[in-house]
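Let the sequences and hints guide you as you build the complete structure.
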Amino acid sequence: ATLYAALVVSCAFIPPFLISRLKLKFTIAFCMLGYSAYMAAQFYPTYYTMIPGAILLGLGAAPMWSAKCTYLTEVGGVYAQLTNQNKEVIVTRMFGVFFLFFQSSQVWGNLISSAVLSVDSVEIDPSDPILETCGINYCPDASGNDSANATDNGVSQQKLYTLSTIYLVCALLSTVIVLVLVDPLSRFCDYETKPDATASKSGGQLLMATFRHLTHPYQILIIPLTIWSGVEQAFIQGDFTNAFISCGLGVQWIGYVMICYGVCDALCSVCFSPLVKLVGRIPIFLLGCVANVIIIVLFFMWRPNPTDIYIYFIAAGVWGVADAVWQTQINAFYGVIFPGKAEAAFSNYRMWESVGFILTFVTNSMICIDAKLYIVIGFLFLGMVGYLTIEVLERFNVLPRGADGQLLKLID
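Counting the sequence shown from 1 gives a position; our numbering is that position plus 453.
Since the hints were made in silico from the structure, they are not lab data. Honestly, I wouldn't trust all of these hints.
[Stated by the list, open to error] Distance condition first, Cα-Cα at most 25 angstroms in a straight line; then the derived DMTMM-like pairs of lysine to aspartate or glutamate:
1) 794 to 761
2) 730 to 844
3) 476 to 636
4) 794 to 847
5) 478 to 636
6) 540 to 844
7) 730 to 847
The model shown is predicted, which means the values in this text are computed figures rather than measured ones.
See the structure below:
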């Protein structure tokens with residue numbers, strides 16, 4: 454929660470300021486060092502190391518992701534112009550390819566964690582009465598008297614050090630790869646050299662510019678779906694792994710089950726781009742919505758047990774398909790509906806997505822899974838209503854536009 458709270462603050466202050474000075478490539482590389490700091494904190498995990506590490510990561514994540522989204526959007530626009538193709542389709546494809554590799558990290562990361570944690574692990578007995586407190590019946594308990602005990606799988610310090618070392622090396626190596634192999638955007642277009650509003654504004658003006666973007670009618674409508682993106686990721690990463698996998702199968706199974714999630718997520722991330730070209734955005738968004746609703750209904754009905762191991766993988770896989778929709782399509786949607794406002798738009802995207810993460814992680818120790826599921830499906834419903842409203846407004850050109858064809862803000 455601290456990490457995403459810092460990310461929200463960062464979204465409001467840092468991205469335009471840092472990007473205007475370091476440019477996109479070096480912003481990405483510099484901010485990735487925050488991930489290395491967070492990995493290093495795992496070697497001595499206390500409040501005095503984890504909280505500062507989380508703050509550093511949160512502060513760096515916002516400009517890093519904003520720079521990444523801006524880079525892909527601008528490169529996609531240049532490529533579309535050179536190849537005489539539709540920009541919307543190309544930008545969606547760019548995000549699809551990115552998220553193919555991004556989500557594949559779930560495979561490698563979880564494979565590493567499961568390989569390490571499976572050593573000398575103990576399997577859960579299918580007749581163990583503790584299983585009655587898993588799944589929909591799982592409730593956090595600060596005193597440790599009920600469901601909380603089900604996920605108390607001891608992990609040795611040696612295993613934790615091994616995992617931390619592997620992840621830290623990967624984080625540092627990724628920074629080097631970006632510095633050495635990624636081309637600066639100036640090689641493809643003049644985005645970083647042309648006169649730009651963010652380059653000439655003071656810190657206070659940059660902050661105002663970020664918040665003024667909230668006066669855009671589409672930004673207001675897309676906020677619930679953006680929050681949902683954070684909620685669904687936090688739920689599958691936190692609540693599902695804790696209340697269903699760790700409680701019902703054992704902590705050593707988390708990585709293996711989440712590999713299925715990562716594979717489906719990665720493959721669908723790249724597959725949805727050509728599908729959008731064939732059928733349009735709306736059917737793809739509806740597919741993600743239906744997939745999430747099906748699994749949420751399953752969570753209400755299913756009682757986790759080691760004998761139902763295939764259900765864990767099916768649930769994770771279908772959720773991965775849905776997440777691929779949200780990660781690729783919402784990112785691309787921002788790039789399409791906010792042309793020329795990439796930095797402010799994607800800064801808002803990360804800020805509101807982080808709000809979803811914060812809401813979910815903060816309530817992990819307060820709300821039982823049955824109540825949490827109602828909250829999750831509520832955000833999904835509100836998000837889809839906002840998204841479909843934008844599609845209707847675009848289809849019928851309802852809102853007033855200026856002489857340049859851009860939508861007029863609510864406050865000008």
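Would you check the hint for residue 730 and residue 844, treating anything up to 25 angstroms between C-alpha atoms as holding?
holds, 16 angstroms
Pairwise hint evaluation, residue 847 against residue 730, where the allowed Cα distance is 25 angstroms at most:
Distance ~18 angstroms between residue 730 and residue 847 Cα, so the pair holds.
Agreement of residue 794 and residue 761 with the hint, judged by alpha carbon distance not exceeding 25 angstroms:
Violated: residue 794 and residue 761 sit about 48 angstroms apart, past 25 angstroms.
Straight-line alpha-carbon gap residue 476 to residue 636, limit 25 angstroms
Distance of about 12 angstroms is within 25 angstroms: holds.
Please work out if residue 478 and residue 636 have their alpha carbons no farther apart than 25 angstroms.
holds, 7 angstroms
Does residue 847 sit within 25 angstroms of residue 794, going by the straight-line distance between their CA atoms?
holds, 18 angstroms
Quick one, are residue 540 and residue 844 close enough, alpha carbons at most 25 angstroms?
Holds: residue 540 and residue 844 sit about 18 angstroms apart, inside 25 angstroms.
Checked against the numbered hints listed earlier, the structure breaks hint 1 alone; every other hint is satisfied.
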